[in-house]
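First to last, the protein sequences are chains A and B. In this text, residue positions in the first sequence follow the working numbering: the first is 324, and each later residue adds one. In this text, residue positions in the second sequence follow the working numbering: the first is 254, and each later residue adds one.
Accuracy of the hints is not assured; some may be wrong.
Said to hold, decoys possible - Straight line, CA to CA, 30 Å or less: simulated DSSO-like cross-link-like pairs of lysine-lysine:
id, chain 1, residue 1, chain 2, residue 2
1, A, K760, A, K849
2, A, K912, B, K345
3, A, K645, A, K830
4, A, K645, A, K457
5, A, K555, A, K604
6, A, K830, A, K463
7, A, K932, B, K309
8, A, K830, A, K493
9, B, K260, A, K428
10, A, K701, A, K574
11, B, K309, A, K912
12, A, K645, A, K556
Unchecked claim - Chain A residues, not near chain B, derived (Cβ > 12 Å throughout):
id, residue
13, Y536
14, Y671
15, C724
16, G837
17, A971
None of these hints come from the bench; they were simulated from the model. We put the beta carbon where it would ideally sit given N, CA and C, even for glycine.
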Amino acid sequence: MRIGVFICHCGSNIAGTVDCAGVAQRAAAYPDVVYSTDIMYACAEPGQDAVIAAVKEHGLTGVVVASCTPRMHEPTFRKAVERAGINRYMFEMANIREHVSWIGKDVEANTNKAAELVRMAAAKLRLNRELKPKSFPVTKRVLVIGGGVAGIQAALDAADAGLEVVMVEKQPTIGGKMAKLDKTFPTVDCSSCILGPRMVDVAQHPNITLYAYSELEEVSGYVGNFDVKIRKKATYVNWDKCTGCGLCTEKCPSKKSYDRFNEGVGPTTAILIPFPQAIPKKASIERDYCRLFNQGKCGVCAKVCPTGAIDYAMQDEIVEVKVGGIVAATGYDLVDWTVYGEYGAGRYPDVVTSLQYERMLSASGPTGGHIKRPSDGKEPKDVVFIQCVASRDPSIGRPYCSGFCCMYTAKQAILTKDHIPDSQSYVFYMDIRSPGKGYDEFTRRVQEEYGARYVRGRVSMIYPKGGKLVVRGADTLMGGQVEVEADLVVLAVGGEAAAGSPALAEKLRISYDGYGFFMEGHPKLKPVETNTAGVFLAGACQGLKDIPSSVAQGSAAAAKAIGLLSRNMLDSDPQIAFVSVNRCVGCRKCIEVCPFKAIREIDMRGQPKAEVIETVCQGCGLCNATCPQGAIQLSHFTDNQILAEVEALCRF
Amino acid sequence: MSVLEGKELRIVGFLCNWCSYGGADTAGVGRFTQPTDLRIIRVPCSGRINPLFVMKALIGGADGVLVSGCHPRDCHYAEGNYYARRRLEVLKGLLPVLGINPSRFEYTWVSASEGQRWQHVVETFTARIHALGPAQAFAGTTGPANHNRADAMVS
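Chain A on its own, in the form it takes in the complex (with noise of 0.2 Å):
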């Protein structure tokens, strides 16, 4: 092998502490290597060039760039090389700027230890092999999990570009979180006027498949070709009969059913759709509050269903469908705060969540859009605003802030006014966060043109007087205790990981993070991949973010999958496994071991040996460290090149 070896200096990043030239000096002696120089900047046209030109003149079949960490630049001098005519893979970095350069001061230990991780990188260069990838088709279809304005705009994205996109919504109705609001910030616009019409498209679009009441039970394959089991549950209605017309909510005996759409705020049917505008407008039987279920006589809904689409004996059905991509957007929750003694952990019925509220608030809510004291209907007069519940608080594991809580604050206390133009807001809060286009101008007007009283400082209790609520508090700018009076107390309760989120996280093989926020394949430069290939996220999931963000990244999710699956074929890793079928005992060790099942067992001849899936293969290597008879190998880190990096280090 005639291998070349580039020491790049970053600028000053690498050559400010490492002699540079000193390493490609020793370099220059190491084993198959032909040429050695150093380079200002590789990564740079003119450095790549440099490459490319000193691959041809010095007919060089391997080469070691020594620069940044290979997690940056890798993909970017494996092209470099291949435009150099030499396979991609046979090429190696050694890392001297993250783990050398910028860890160290000492000039003659950071060039003695860039060197040695020339070497290393050198030693294993000599045992790499030509790898290709195999080509293999995609299926044109994207999944959207969570029909929430993120994946409703990654839906209706991907549909209008002439993908095929199959929703699944674990609610009966889409909609998601921003169905439940009033009005949105900062402009004070109606939400289901500008939701409606987007959830109507998902419904009519012809591209897109809604399963609503569903959840994902299961995925397999890869990207490019998932294989996902969906499992439709049980609404003991036919939807396919039900005409949407509401005779069975009307009709339904059991009225004190617990109204998941408006958060509580009042009673519903067990028979029920959800919402006037829900899609699809359908009604489905909540099984728990059923007389029929519980109390085994009823039948009212059957009885009086025009179409006859009751059927109790509904059981729930697995749907399989084939996709290419998947759109994870599956929103947040959320926090209990009744773990809150201050607030009354609950015990008070006038003191309400702020989507509680947004229900009152809605003209299509549970009070007609009449803002009413839960305990006794009456209007009220003095409201306050409890800013940062469950936000920014590591006693209860919450250290984050929520990000939209200021702003929805704000234009509920607009609102307030609005309803009611002789009442009183007050706002307690930590700090107003507010940076986004006319949001801080929203939190200014507030209080300079609808008089709400701002009051810095946190709540310590609440407590009920007469018929009110004493909130008590303190003001860290007059610096004095507070008291407030109130006939209603909102709490703004910050939001987290939507329910489930780590056992999704799991099925779709994607890392999340220590609250259940799934973690994108990198904080800047990759926000909405994850770190598998094909599975995408948008909206909340990834962490709390407002209606505009959420739609932002529903949209660049939509284009990550559009781009992804533009293409008929996709190219596979090579960076796989393979077995040595002369090795290979048939153990099935490696097979037991597989996280992806992508090793099977063949009969060659009478003998069981292990195949290797190639495209199911993730290439972590975790059957090669199993076999007792290293007769699979994972291609690109084989136990001999591995080896050679220990002999590399270890022996000089």
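Starting from the known structure of chain A, fit chain B onto it as the hints suggest.
Chain B in isolation, oriented as in the chain A frame:
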């Protein structure tokens, strides 16, 4: 000359690509200064690490070997680090039998965002190896001359 005579000892690290190698990168980006003894070998997953790699390094003349992967439950490949943990735990128990002080070997979990934790791991492990001094050379190996001091055996 592999290590700086009298200044450095020979420490080999096996790091998984997704978490710990990224964590070491994060430490670099954050300029978290570390001792220079450690040389890092990148592997796709801690589950790829055959305990024999560690043995080969220790017998071949390494004074210490450090393995680091993703935190349990957070493996890029779902469960590779669980296999790693079992294998490496067994290896730890086996090292004294082979005449190697098990303190020369350690495994840990560092995520891609934990640059500071990585700095701490490297500082602590390097200090531990320096406290132990150079490893004893095995018969038939070509360790440098100063690698002849016998280790105190740990039972």
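Here is what the structure says about each hint:
no.: 1; hint: K760(A) with K849(A); verdict: holds (23 Å)
no.: 2; hint: K912(A) with K345(B); verdict: holds (23 Å)
no.: 3; hint: K645(A) with K830(A); verdict: holds (15 Å)
no.: 4; hint: K645(A) with K457(A); verdict: holds (21 Å)
no.: 5; hint: K555(A) with K604(A); verdict: holds (16 Å)
no.: 6; hint: K830(A) with K463(A); verdict: holds (21 Å)
no.: 7; hint: K932(A) with K309(B); verdict: holds (29 Å)
no.: 8; hint: K830(A) with K493(A); verdict: holds (16 Å)
no.: 9; hint: K260(B) with K428(A); verdict: holds (14 Å)
no.: 10; hint: K701(A) with K574(A); verdict: holds (29 Å)
no.: 11; hint: K309(B) with K912(A); verdict: holds (23 Å)
no.: 12; hint: K645(A) with K556(A); verdict: holds (20 Å)
no.: 13; hint: Y536; verdict: holds (29 Å)
no.: 14; hint: Y671; verdict: holds (39 Å)
no.: 15; hint: C724; verdict: holds (18 Å)
no.: 16; hint: G837; verdict: violated (9 Å)
no.: 17; hint: A971; verdict: violated (9 Å)
Checked against the numbered hints above, the structure breaks hints 16 and 17 and satisfies the rest.
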